[in-house]
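Chains G and Y, in that order, give the protein sequences.
The first sequence lines up with residues 1 to 435 when you count with my numbering.
The second sequence lines up with residues 1 to 435 when you count with my numbering.
Where hints are given, some of them may not hold.
If several chains are the same, the list does not tell them apart, and a pair holds so long as it fits within one copy or across any two.
Taking lysine to any residue and the SDA-like style, the derived pairs with C-alpha atoms no more than 25 Å apart in a straight line are [what the hints assert, rightly or not]:
(1) Lys301 <-> Phe203
(2) Lys288 <-> Ala367
(3) Lys199 <-> Gly148
(4) Lys301 <-> Thr202
(5) Lys198 <-> Phe151
(6) Lys207 <-> Pro230
(7) Lys288 <-> Asn323
(8) Lys393 <-> Asn323
(9) Lys90 <-> Gly410
(10) Lys199 <-> Tyr299
(11) Lys90 <-> Asn411
(12) Lys383 <-> Phe203
(13) Lys163 <-> Ala254
(14) Lys288 <-> Ser9
(15) Lys114 <-> Glu291
(16) Lys199 <-> Val258
(17) Lys163 <-> Leu191
(18) Lys198 <-> Arg152
(19) Lys121 <-> Ile386
(20) Lys199 <-> Leu297
(21) Lys329 <-> Ser57
(22) Lys107 <-> Ser60
(23) Lys107 <-> Gly410
(24) Lys301 <-> Leu290
(25) Lys124 <-> Ala58
(26) Lys431 <-> Val296
(27) Lys198 <-> Val296
(28) Lys303 <-> Asn433
Since the hints were derived computationally from the structure, they do not count as laboratory data.
2 protein chains.
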Amino acid sequence: MAPLRSWFSIPQGSHFSLANIPFGVISTASSTSPRVAVAIGDHALDLEVFAANNGFSALSTIQPHQAVFSEPSLNAFAALGRPIHSVVRKYIQSVLFAQTPYPDVLKNNASLQKQALIPLKDIKAHLPFRIGDYTDFFAGMNHAYNCGVIFRGPQNALQPNYKHLPVGYHGRASSVVPSGTPIRRPNGQILLNPTAEKKTPTFSPCKKLDIELELGAFVCGSNPQGEPIPIDEAEQNLFGVVLMNDWSARDIQAWEYVPLGPFNAKNFSTTISTWVVLADALEPFKVKGLENDAEVLPYLKEKEEKSVYDINLEVDVKTSTGNTTTISKVNAQNLLWSFPQMLAHHTITGCPFNPGDLLGSGTISGATAKEYGSFIEQSQNGKEPIVLSEGEKRTFLEDGDEITIRGVCGNDEEALVGFGECVGRIEPALKLNFN
Amino acid sequence: MAPLRSWFSIPQGSHFSLANIPFGVISTASSTSPRVAVAIGDHALDLEVFAANNGFSALSTIQPHQAVFSEPSLNAFAALGRPIHSVVRKYIQSVLFAQTPYPDVLKNNASLQKQALIPLKDIKAHLPFRIGDYTDFFAGMNHAYNCGVIFRGPQNALQPNYKHLPVGYHGRASSVVPSGTPIRRPNGQILLNPTAEKKTPTFSPCKKLDIELELGAFVCGSNPQGEPIPIDEAEQNLFGVVLMNDWSARDIQAWEYVPLGPFNAKNFSTTISTWVVLADALEPFKVKGLENDAEVLPYLKEKEEKSVYDINLEVDVKTSTGNTTTISKVNAQNLLWSFPQMLAHHTITGCPFNPGDLLGSGTISGATAKEYGSFIEQSQNGKEPIVLSEGEKRTFLEDGDEITIRGVCGNDEEALVGFGECVGRIEPALKLNFN
Chain G
1 MAPLRSWFSI PQGSHFSLAN IPFGVISTAS STSPRVAVAI GDHALDLEVF
51 AANNGFSALS TIQPHQAVFS EPSLNAFAAL GRPIHSVVRK YIQSVLFAQT
101 PYPDVLKNNA SLQKQALIPL KDIKAHLPFR IGDYTDFFAG MNHAYNCGVI
151 FRGPQNALQP NYKHLPVGYH GRASSVVPSG TPIRRPNGQI LLNPTAEKKT
201 PTFSPCKKLD IELELGAFVC GSNPQGEPIP IDEAEQNLFG VVLMNDWSAR
251 DIQAWEYVPL GPFNAKNFST TISTWVVLAD ALEPFKVKGL ENDAEVLPYL
301 KEKEEKSVYD INLEVDVKTS TGNTTTISKV NAQNLLWSFP QMLAHHTITG
351 CPFNPGDLLG SGTISGATAK EYGSFIEQSQ NGKEPIVLSE GEKRTFLEDG
401 DEITIRGVCG NDEEALVGFG ECVGRIEPAL KLNFN
Chain Y
1 MAPLRSWFSI PQGSHFSLAN IPFGVISTAS STSPRVAVAI GDHALDLEVF
51 AANNGFSALS TIQPHQAVFS EPSLNAFAAL GRPIHSVVRK YIQSVLFAQT
101 PYPDVLKNNA SLQKQALIPL KDIKAHLPFR IGDYTDFFAG MNHAYNCGVI
151 FRGPQNALQP NYKHLPVGYH GRASSVVPSG TPIRRPNGQI LLNPTAEKKT
201 PTFSPCKKLD IELELGAFVC GSNPQGEPIP IDEAEQNLFG VVLMNDWSAR
251 DIQAWEYVPL GPFNAKNFST TISTWVVLAD ALEPFKVKGL ENDAEVLPYL
301 KEKEEKSVYD INLEVDVKTS TGNTTTISKV NAQNLLWSFP QMLAHHTITG
351 CPFNPGDLLG SGTISGATAK EYGSFIEQSQ NGKEPIVLSE GEKRTFLEDG
401 DEITIRGVCG NDEEALVGFG ECVGRIEPAL KLNFN
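Chain G on its own, in the form it takes in the complex (with noise of 0.2 Å):
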C-alpha cells in the first residue's frame, strides 16, 4: 500500500507520518494552559485551537465532546472509547490527505494553520494523563530469565509461576514524568556486604541506578469494582501506546525487596514519552509474542494470536563527555504476554481500573547481549562492563549520563508510526545531613 500523502509538509523518516497522528498534552509559551494535540511531522496540531475554529465541522460524532481537548490531560477523551477515538484520528488523517475530502478546514485556510499547527520545538508536552493508578508487569521473559540467573542460577531462574499468569507490581503514580524531566540518582538503603552474617545497611547514594527499557499502555475503560474485564474485551480498553523507561536502584532493590516485592527502588522516577501512539496505529504492526510452553488458563487465552507489537526499541546512551553509544537495539515482540493479558490478569480479582490508568509490560530484552534492555542484563550486574565509544565503560549509570529510548513501526520511511524519544539525564544525588 503506497503511504498516505499529504498537503502539509512532513519530513521524511518522521516518527510522526500521517500513518501515526498521536495524542499528546501541550503548551507553548505564549499559551500556557496545557491542551490535547496530535503530532504531525515536526508540529503539534493544536485540537483546542482547532476545534474552537470549526476544525470539526465535518465530524459530528465529536462535535458534543469538543471540551475535552481543552482539557488538560486525555482522561476526558480516552473515556470516549476507542470508536471515538479511530473516528477522530481518521478525520485528522483525512483533513491532512493531499486529496482532503474537506479543504477548507485547513488546508485552504492559513489563518487556522498558523493558529493550529505548531513547530514541535516550540511546545512543551506534558504528561498526557493524569495517572490513577501505574501497574508494572514483568513480561518480558528474556529480562526475567537474564535477572533469575544473575540472582538465582539458570536452574531456578523463572519462578513456577511466571509461565502462567503476567506477575507484576503496583507501580508509583506520582513519580511518572514526561521525557526530559531530570532524573535525581536517589538515596536509600544499600548492603554493601550481602555476604556478611550480620546485615547492616548503609545509607547511600544508590551505586547501581539502571534503566528498564519498557513500553507503556494506557487504559481508556473502566470497570465496576468487582467485576473482570474478559480477555475478549481487554484490548477495547486500550486507549495507546508509549515507550518507558522504569529507571531501578538495583542495590536499594536487592536489600528491600522481599518479601513485598521492590518498593523504594522503583519509585523515584518512571519517564515515558509524551505522545501515545493509539492501538489503532499499531494495528498493522501486530505479531505474535514469545512461546508460551505452559498451558494457560482460560481467562488469559486469547482468541488472536499476535497481540504484541513489532516496534524497533534502541536505547542510547550520552555520556557528559558528549560521546553517545546505542546500547540496545530490541523487538518489543519479546513479550510473553500481551498488555489485553495483563489487563485480563489484573481484573480477574474485580480490581477496578479507569481511565488513565497505567500498564508498564517489564523490561524488553532479546535473546543476546545488545538486546538486553537493562544494565544489570548487559553488565552481568557490574561484573563485565559495557563498553562505549571513545573507550568509556558503564556498569550502571554514572551522574550527567542521558538516555534516550527510541522506537519505531514499518521501514517505508514515509508512513513510520513511531513514538518519538524518552529522554532522561541522571542528576547527582542529594547531599543529606542528618544531625
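Following the hints, put chain Y in place on chain G, whose structure we already have.
Okay, now just chain Y, sitting in the frame of chain G:
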C-alpha cells in the same frame, strides 16, 4: 482534665465527642452532592451549609478558603496544612462548647442547626479523599513474625531488612472503598498442591479470604520529586487516621508473590472508615511503639519517643446466622514503625507525595492469639479453626460474613476519640464462564 461539655446533645460513649471532631465527606437523599462535614455525637455538621450561613464568620483564617468545604473530597481542605486544620477543629469545638464564645453562630441559631446538623443515620458517608497513591506497610511486627513462622519457621521469621526499614509495597488506590461497601470474593489462580513437583495452578474463587486489621494515615503535605521529607517534618505532613481492613486472598498471594510481591491478592478491595480523625485529635494518645533492637539509620530516627497511637482496636465477625463474635482486641501501639517513619522512608528516594495519599500501617497484632489481626494468624493458616459464638467455626472468611473493625482512644465516656466503624460483608465470587 474534665471533658468538654457541649450545649448540643452528644450521647455518652460516642466516638465523636467534642474532643474528636473528625472530618468526612457526606451526601443526603435531599442533597446528593458530596461535601465536607465533621461528625459530632450522632450527627454530621455539614460544613458547606455551615460556611454558606456565616458559620465561619468569627474565623477569618478560613474565610478565603471556604470553597474547600463544597468539594467532594477532603483533598483541598487537607492541602491547606495542619495549622489550618488545627484552627478549624478548635473553632468548631468552641462553637459547640456549652459556654461558647460564639452563641449566635449555632447555639442560638435554630434555623442553621436544622439545616446543618444531620443525623448520621440520614447521611451517606463517602470515601473521604480522592486517593492519588496508596502504600501499604508491614509495620506490625507481631504479624510479620507470625506470618514468617507460618511460611518459613521461627528461625527466619523476620527477614534481615525488617528492623532496618519499614517494609512496604505500593497498593491499588482505585480499590479503596468506604466502610459498608460489599466485598466480592475474588477469583484467581491458586496452587492446590504446593508440594507437587509440577506447579500447576487452578482457577478458583479464593479459598483463604482474610482480613488485615490496620490503621491508615492520610497525607496532607507534598514534596517535590527528588526531595525527601525529613523525619522531623514528617508528622506535619499527616492529616489524620482511619481504620483500615486490607482484605487479602492468602492462596492467590502464596502463588503470585514471588518475586515482585503481593498483587492480585490485595487489589480487589481495601475498606477504610469514613471519618478521618485529625492528627491533632490523636496528639494526647501518642505512645511509644514496639522496641526496635536494631540500630536505625539516622534518616529514620525520631526525636520524639512517642510516635504511635494508643488506640483500642477490635474486630467482630457477624456470620450469616446473625451471631456476632469479637475475635480480636489489640492496641495499635503494636507497631515497630510510626507513620512519620514510613513517610520519611518512602520519600528518602525523592518519591513525590500529594495531599490525599494514603499509608497503611500493616496488620496490627498483639502477642497473643486473641490479639491477632488476621485469620491466617488466628487459625494458623487454616490448621486451627477459630471458635465463634454458638459453636460456629472459621479458618478463613465465608460468604455472608460481615467484619466490623472499631477503634477508640481513651476511656472517659464523655471524651472518647473514636473512629466509628470499618465494615465489609463478603459476597460470593462471580461465576465466570470461559469458552
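Structure-based check of all given hints:
no., hint, in the structure
1, Lys301 <-> Phe203, "between (46 Å within a copy, 13 Å between copies)"
2, Lys288 <-> Ala367, "within (16 Å within a copy, 54 Å between copies)"
3, Lys199 <-> Gly148, "both (22 Å within a copy, 18 Å between copies)"
4, Lys301 <-> Thr202, "between (46 Å within a copy, 14 Å between copies)"
5, Lys198 <-> Phe151, "both (20 Å within a copy, 22 Å between copies)"
6, Lys207 <-> Pro230, "between (43 Å within a copy, 22 Å between copies)"
7, Lys288 <-> Asn323, "neither (36 Å within a copy, 55 Å between copies)"
8, Lys393 <-> Asn323, "within (11 Å within a copy, 69 Å between copies)"
9, Lys90 <-> Gly410, "within (19 Å within a copy, 65 Å between copies)"
10, Lys199 <-> Tyr299, "between (43 Å within a copy, 18 Å between copies)"
11, Lys90 <-> Asn411, "within (21 Å within a copy, 68 Å between copies)"
12, Lys383 <-> Phe203, "within (23 Å within a copy, 42 Å between copies)"
13, Lys163 <-> Ala254, "both (23 Å within a copy, 16 Å between copies)"
14, Lys288 <-> Ser9, "neither (35 Å within a copy, 69 Å between copies)"
15, Lys114 <-> Glu291, "neither (50 Å within a copy, 68 Å between copies)"
16, Lys199 <-> Val258, "both (14 Å within a copy, 22 Å between copies)"
17, Lys163 <-> Leu191, "between (31 Å within a copy, 14 Å between copies)"
18, Lys198 <-> Arg152, "both (21 Å within a copy, 19 Å between copies)"
19, Lys121 <-> Ile386, "neither (33 Å within a copy, 67 Å between copies)"
20, Lys199 <-> Leu297, "between (41 Å within a copy, 13 Å between copies)"
21, Lys329 <-> Ser57, "neither (44 Å within a copy, 66 Å between copies)"
22, Lys107 <-> Ser60, "within (20 Å within a copy, 57 Å between copies)"
23, Lys107 <-> Gly410, "neither (27 Å within a copy, 74 Å between copies)"
24, Lys301 <-> Leu290, "within (14 Å within a copy, 48 Å between copies)"
25, Lys124 <-> Ala58, "neither (29 Å within a copy, 45 Å between copies)"
26, Lys431 <-> Val296, "between (49 Å within a copy, 19 Å between copies)"
27, Lys198 <-> Val296, "between (42 Å within a copy, 14 Å between copies)"
28, Lys303 <-> Asn433, "between (57 Å within a copy, 15 Å between copies)"
Hint violations for this structure: numbers 7, 14, 15, 19, 21, 23, 25, all remaining hints satisfied.
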